[in-house]
Structures are given as C-alpha cells and as structure tokens.
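All chains, full assembly: derive it from the sequences and hints.
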Amino acid sequence: AFGSILNLVPLAESVVKLTAVCMECFREAAYTKRLGLEKEVEVIGGADKYHSVCR
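Last residue of the sequence shown: 57 (this note's numbering), numbering continuous.
Treat the hints as calculated values from the structure; they're not laboratory data.
Because the structure is a prediction, the values reported are computed rather than measured.
There's no promise every hint is true.
Taking lysine to aspartate or glutamate pairs in the EDC-like style, the calculated list, with each CA pair at most 16 Å apart, reads [unchecked claim]:
no., residue 1, residue 2
1, K35, D50
2, K51, E40
3, K19, E30
Computed spacing ranges between beta-carbons, pair by pair [unchecked claim]:
no., residue 1, residue 2, range
4, K41, E15, 43 to 51 Å
5, D50, F28, 16 to 24 Å
6, G47, P12, 32 to 40 Å
7, S6, E44, 17 to 25 Å
8, I46, M25, 14 to 22 Å
9, S6, K41, 27 to 35 Å
10, S16, R57, 19 to 27 Å
11, A14, E40, 34 to 42 Å
12, K41, V17, 30 to 38 Å
13, K51, A14, 31 to 39 Å
14, E15, G38, 39 to 47 Å
15, L13, V45, 31 to 39 Å
16, L13, L39, 37 to 45 Å
The beta carbon of each residue, even a glycine, is placed where N, CA and C say it ideally should be.
In structure tokens:
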C-alpha cells in the first residue's frame, strides 16, 4: 500500500505531514487508539471507536 507512495516522494517538491491532536494531553498525535473491547482486527468507526493519541 505504501510502496507506490514512497516512489512518489523523491519526485515531490514538498511533503506536508499532517497530525491530529492527542485526546489525552493535546499535543501532536500521530497514532490512533481503539476504544472498546472488540476482538476483530478491523473495526469501522469514527470518534466513537477511536481517539488520536501521541506516544
């Protein structure tokens, strides 16, 4: 999935890295944390299922 994107990076004039806001400490967040107790590998949902978090 990321292979084709990585091939484009050397050709780009600029790259903008977007981050969210950590829902626990309000710093920059680059990760998501699943809420709830579902056992499935993939769970479809929005803010009701996931929060953005930092390290």
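Verification of the hints:
Under the criterion of a C-alpha separation no larger than 16 Å, the hint pairing K35 with D50 is consistent with the structure, at around 11 Å. Proximity of K51 to E40 is assessed by CA-CA distance (about 10 Å); at most 16 Å being required, the pair is judged to hold. With a CA separation close to 11 Å, the supplied pair K19 and E30 stays within the 16 Å bound. Our hint of 43 to 51 Å for K41 and E15 holds, since their Cβ atoms are close to 44 Å apart.
Roughly 20 Å separates the CB atoms of D50 and F28, a value that falls within the hinted 16 to 24 Å. Here the CB-CB span from G47 to P12 is close to 35 Å, well matched to the stated 32 to 40 Å. Between S6 and E44 the beta carbons are some 22 Å apart, a value that agrees with the proposed interval 17 to 25 Å. Taking the beta carbon of each, I46 and M25 are about 19 Å apart, inside 14 to 22 Å as hinted.
For the hinted restraint 27 to 35 Å between S6 and K41, the CB-CB distance of approximately 32 Å keeps it satisfied. The hint said 19 to 27 Å for the Cβ distance between S16 and R57, and at roughly 26 Å that hint holds. A C-beta distance of roughly 37 Å is found between A14 and E40, which places it inside the suggested range of 34 to 42 Å. The given range of 30 to 38 Å is respected by K41 and V17, whose C-beta atoms sit roughly 36 Å from each other.
Our hint of 31 to 39 Å for K51 and A14 holds, since their Cβ atoms are close to 32 Å apart. Range check, E15 to G38: Cβ separation about 41 Å, and the 39 to 47 Å hint holds. The supplied range of 31 to 39 Å is met by L13 and V45, whose beta-carbon atoms lie about 35 Å from each other. In this structure the hint that L13 and L39 lie 37 to 45 Å apart at CB holds, the actual value being about 44 Å.
The structure shown violates none of the earlier numbered hints.
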